[in-house]
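A.B. asks: Those sequence lines, one after another, are chains A and B.
First residue of the first sequence? That's 1 in the numbering used here, and the numbers climb one at a time after it.
First residue of the second sequence? That's 1 in the numbering used here, and the numbers climb one at a time after it.
Quick caveat, the hints were computed from the structure, so don't treat them as lab data.
A couple of the hints might just be wrong.
Claimed, not checked - Derived pair list, reagent style SDA-like, types lysine to any residue, alpha-carbon separation capped at 20 Å:
1. A:Lys37 x B:Lys385
2. B:Lys334 x B:Gly168
3. A:Lys10 x B:Thr354
4. A:Lys256 x A:Arg214
5. A:Lys218 x A:Asp230
6. A:Lys211 x A:Gln336
7. B:Lys13 x A:Lys211
8. A:Lys13 x B:Glu357
9. B:Lys430 x A:Thr109
10. B:Lys10 x A:Asp230
11. A:Lys292 x B:Phe448
12. B:Lys218 x B:Ser243
13. A:Lys37 x B:Glu357
14. A:Lys331 x A:Lys256
15. A:Lys37 x B:Asn32
16. A:Lys385 x B:Thr354
17. B:Lys10 x B:Val29
18. B:Lys10 x A:Gly62
Number of protein chains: 2
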Amino acid sequence: MAKNKKQKVKRPKALPPRGFRDYFGAEVVERNAMLDKITDVYQRYGFDPLETPAIETVEALGSFLPDVDRPNAGIFAWQDEDNAWMALRYDLTAPLARVYAQFRNDLPTPYRRYAVGPVWRNEKAGPGRYRQFYQCDADTVGTPTVAADAEICAMLADTLEAVGIPRGDYMIRVNNRKILDGMMEYVGLLAPDDPSKFATERGVAMRAIDKLDRLGVKGVEQLLAKGRKDSSGDFTEGANLNSIMNEWILGVLGAKTESNELTISRLRFYMEDSIIGSEGVDELEEIVDLLKAQGYGEERIVIDPSVVRGLGYYTGPVYEAELTFEILDDKGRKRQFGSVAGGGRYDDLVKRFTGQEVPATGVSVGVDRLLAALREKGRIDSQAKGPVIVTVMDRDRMGDYQTMVAELRNAGIRAEVYLGNPKNFGNQLKYADARNSPVAVIEGGNEFEAGVVQIKDLALGAALAANIATNEEWKAQPAQMEVARGDLVAEVRKMIARADG
Amino acid sequence: MAKNKKQKVKRPKALPPRGFRDYFGAEVVERNAMLDKITDVYQRYGFDPLETPAIETVEALGSFLPDVDRPNAGIFAWQDEDNAWMALRYDLTAPLARVYAQFRNDLPTPYRRYAVGPVWRNEKAGPGRYRQFYQCDADTVGTPTVAADAEICAMLADTLEAVGIPRGDYMIRVNNRKILDGMMEYVGLLAPDDPSKFATERGVAMRAIDKLDRLGVKGVEQLLAKGRKDSSGDFTEGANLNSIMNEWILGVLGAKTESNELTISRLRFYMEDSIIGSEGVDELEEIVDLLKAQGYGEERIVIDPSVVRGLGYYTGPVYEAELTFEILDDKGRKRQFGSVAGGGRYDDLVKRFTGQEVPATGVSVGVDRLLAALREKGRIDSQAKGPVIVTVMDRDRMGDYQTMVAELRNAGIRAEVYLGNPKNFGNQLKYADARNSPVAVIEGGNEFEAGVVQIKDLALGAALAANIATNEEWKAQPAQMEVARGDLVAEVRKMIARADG
C-alpha cells in the first residue's frame, strides 16, 4: 500500500532476534509427538491441562521484582500504557501459583494440573540453548501427603517409557530436602528453633554440596573444608568444617547402597539425632513403600541422598530422572546421558499472594534434553515423511493431476501436485527429493491416452534422482512401474508400504 | 529464601494482565483436538509445519515500524540490551515472510508450510476477544499458479468437514482482487498505466465496498454516491460516483447467481473492457475447473464477487469459509454464523527483505470462532472426562489404594487416588463430583477382609452426590455395586462404557 511513499526505506534483516531459532517440519512433528505421549500419561494420572497466557504482570511473576528502572534479571519485560510492568513467563510454575491463588475457591483440592508450552529467558544463549524453549510440567497443589510425591515419581517412570526410553535405561533418583536440613543440623549450621542463625555459613556448605554432580566428592570435600582452587586458579572459600563433620556429610551423600531398604536404614542411622532429618527418612520410606505397592521397585526408582537439585526452593522430597545409557561427550569420552527431568515438593507456592501456605509437589520435563536423548537412542526417525508428488508433464492437464491427488488424499495418503514451474522436469524431481517424497506419479500424454500412469519409488531412487534431468532417463530407473490409472491409489499405497517395511 | 527480609512487601495481585485469560481442562483439550484435526488435513495436503519464535525484531515484523520513541500501534514491543526493538508476533504471516527471506535458498520451491500458535495484539480486549489468541495458517509460497489457490479452497472445505462441520453447513466463497481492480478501472478510479493516480478517491470507493457485509447494499450505495449518515448522526463523505456507475458496481458485487458457470459468464460480461478484470475472471474460471476436477462443486465452493476481505493486502484470488447454519444473536434474532476462515493471494511477502517479488497464497483459520461454531453445533462435549477416583477409607492402607490405581492406569483407564485429607468422606465425593469422575472406588476394612470393592457409577449418581456425607448413605445409592477385588479393572471398564453409551 504505502509502497510508493517508502521507496528509500532500508531493507530489514531477515533474521530472528539473537538467541532465538525456527523449527522446521520434522522437528516440530517430533516434539509434538513426544509432548502428546507425555501429556497422555499425565492425563491418565488424573492431571488436567492448564494453559496460561505467555504474559504475566511482573508483580505476579515475583522473584524478578524491578528495583531499578527496568527489570532485567533474566526476563523479557516491558511497561504497558499504564506504566505497569509486564513480562513473558520464565517458567510454568510461577503462572500456576498466580492461577491457584486466583481460582483457589473454584479449583478442586488437590488440584492436579499439567502445562506445556514455551517459556522465555532473557539470558545469553549458547550452543543448543535458546532464549525460548519448551517446558512440560505436572504439579499437585494443595496436599501435604508424600503419596503425591510418590505418584509423580511413578508417573515420571511411565512417561519415560511412553516416549521410548526402555526400562533399564533410566533411573528415578529420590532424596529429601529434610535430610539436607538434618545434615546441617548435625554439623551445627542449622538451629531448628531459629533457622535464620548461621544462614551465611550454611549457604557456603549447601552450595558446596550442590556442586557434587559437577565437582565430584573430592571437590565438595575441599569446599566443605578450607576451600578449593579451580583450574583457572580462582580460589573459593570453604565452609571450614572439620574433617569429622566433612566425612560425615560425605557419608550421608554417599549412603546409597544395594537396596532402597538398606539405604534407608543407613540414613536412619545418620539422622537419628535430628527430628527434621528423621522425618525426611520416614517420608522416603513411605515413598518407597507406596511405589512398591504400585509395582515400581528399585530397578526404576532409587533413594539417593546425593540428589540435591538446587538450593532454597524445595522443602521436602526431591526427584530426578536420569538416563543411564552412555553417550560420547564432545571430547569422545563415554559418559551417562544424565538428567532429563526433575522436581520436588515446595510449599511456598501461593503464600506470596494470599499469606496462606499451600503444599505442592511437581515435576518438569526438560523437553529438549529428552528429545536429544530419543535421537541418541534412535527412537526418532528424524526424516519427516514427505508427500507423494504428482508431477506435471502437461500443464494444460492440471485438472487431471488434481483429480489424482484428490483421490490419494481422500484415501488418507499425503500427496500434492507439483505447483512450481513445470517446464524443467528435473526441478520437479529435485523438489520431490527435497521433500523426502516416497513416490512420484508421472503421467505424460502417452500414458494418458493409454489409461496408465508411471509410479516411481523415490526411496529407492533417491540417491540417483538429483542427477536426473529428463523424463527419459528417469523412466530408465529400475524402481519405476506402469500401473493402470484406476489402480493408482492401491499401487501407491503398496509402494509406500514397501518403502516403510 | 528471602522470606525474612521482605516481611513488609505488599502482596501481589493474583490476576493475569488485563485482556488475557487462562484456559482450563476441557477448553485446552478441545482446542488441541481441533487443531490436531486441522493440521492433519494440512499435513495430508503436503504442508510442513514451521514453528517460529514468539518474538521477532520490530524491523522484521514490518508494518509497525517505530516512528516515535516506542512502537505502540497494536503490538507488544520493548527494547533489548542493545536498544534494538523486539516485539511479540501479531500474526503468523509476518514471521513466514522473515523465514522465507532468510532460508529461501534452502527451502523447497514452492514452500508449503503450516503454522499453529498464539499471536499477541496490544489492543483493547472485549467480550470474547483477548490480547492473546490462536491462529492456524497454511500458505504456499513461491508459485503464481492459481492451482495453489484452488488447492487451499479444497483444503479449507476438507478442514471444516474434518473438525465436524457437515457439508451443507458451510460454503467457501471465492472472489478475485483483480475484479475489484477491474471495477475501479471501469468507474475511472484506476488508471492501469499509473496506479498512483486517483489513489485517494479509489480509497473512498474501496472502503465503501469493503463495508458491504456490515452496512448492506443500501449503505454501500450511499457511500459510493454522496455519503452516509450513520445511526449516531456522523456523516461519512461518499465517493461521488454517479448512479450509473454506482449501479454497475452493485451489479458486479451482486453478480453471484445459481451456478458458478453463470456467475462467471456474468462477470466476464461486466469485465470485458478491463484487462486486469478479465484476467481475474479467467483465474476464477480456472479455480472452478480445478476444484471440479477434485470433486468440489458449487455445493461447497461458490464464486461470489461480494467477498472483499479487507483492502490493500491481497493481489489475486481471495477466499472465505462461511458457516451457513443459523444461530441466535445477542438480541435473539436469527442470523448465519458467518466467517470462520479466510485468505487469499498476496505477492509482496518477501519483497521488503530481498527486493524480489515472491508470489504466495494462504489461509488463516479463526481458531476461537471455529471452536465457538463447533460448540454451537453440539460437536464438542465440553465436559472433560474426569478420572476414576479411588477413595481413601483408611489412610494406613494408602499402598493398597495405590495398587488399585496402578492396575487401572496400566489398563489405560484415567484414575487417581484421592490425595486430599481423607477424614471427611463427603469431601472425597465432592472432589469426585468436581472432577466429573465417572466412577468412584471404595474399599473399607470390611471390604478388604472380604476381598471385594464397591464401585459407584457417579454419572448416574452425580445429582445426588453433592449431598451425601457418609459412607452409609452413599452405599444406599442404587448405582453402586460390590465386585470381587480381582475384577476391579474389568468392572470399572464396564461401568465407564455404560456411562459413555
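A.B. asks: For every hint, state whether the structure bears it out.
C.D. replies: Status of each hint after checking the structure:
1. Taking the CA atoms of A:Lys37 and B:Lys385, the gap is near 18 Å; set against the 20 Å cutoff, the hint holds.
2. Between B:Lys334 and B:Gly168, the direct Cα distance comes to roughly 18 Å. Compliance with the 20 Å bound is thereby established for this hinted pair.
3. A threshold of 20 Å between alpha carbons decides the hint, and for A:Lys10 with B:Thr354 the separation of about 11 Å falls inside it, so the pair holds.
4. Of the pairs offered as hints, the one joining A:Lys256 and A:Arg214 holds, with about 18 Å between alpha carbons and a cut-off of 20 Å not exceeded.
5. Proposed proximity of A:Lys218 and A:Asp230 is supported: the alpha carbons are some 12 Å apart, at most 20 Å.
6. Distance restraint check for A:Lys211 and A:Gln336: the Cα-Cα separation of roughly 17 Å lies within the 20 Å cut-off, and the hinted pair is therefore satisfied.
7. Restraint check: the Cα-Cα separation between B:Lys13 and A:Lys211 comes to about 36 Å, which exceeds 20 Å; the hinted pair is violated.
8. For the given pair, A:Lys13 sits about 16 Å from B:Glu357 by alpha-carbon distance, which is consistent with the 20 Å threshold.
9. This hinted pair checks out: B:Lys430 and A:Thr109 have alpha carbons roughly 10 Å apart, not beyond 20 Å.
10. Simply put, B:Lys10 and A:Asp230 have alpha-carbon atoms about 42 Å apart, too far for the 20 Å limit, and the pair is violated.
11. Annotation: proposed proximity of A:Lys292 to B:Phe448 holds, straight-line Cα distance about 19 Å (limit 20 Å).
12. A threshold of 20 Å between alpha carbons decides the hint, and for B:Lys218 with B:Ser243 the separation of about 13 Å falls inside it, so the pair holds.
13. Proximity of A:Lys37 to B:Glu357 is assessed by CA-CA distance (about 42 Å); at most 20 Å being required, the pair is judged violated.
14. As the CA atoms of A:Lys331 and A:Lys256 are separated by approximately 30 Å, the hinted pair breaks the 20 Å bound.
15. A hinted pair counts as satisfied when its Cα atoms are at most 20 Å apart, and A:Lys37 with B:Asn32 qualifies at roughly 14 Å.
16. For a cut-off of 20 Å, the pair hint linking A:Lys385 to B:Thr354 is broken: about 31 Å separates their Cα positions.
17. A distance of roughly 36 Å separates the Cα atoms of B:Lys10 and B:Val29; the hinted pair therefore is violated under the 20 Å criterion.
18. For the suggested pair B:Lys10 and A:Gly62, the alpha carbons sit about 11 Å apart, so the restraint of at most 20 Å is met.
The structure does not agree with the numbered hints 7, 10, 13, 14, 16 and 17 stated previously, though it agrees with the rest.
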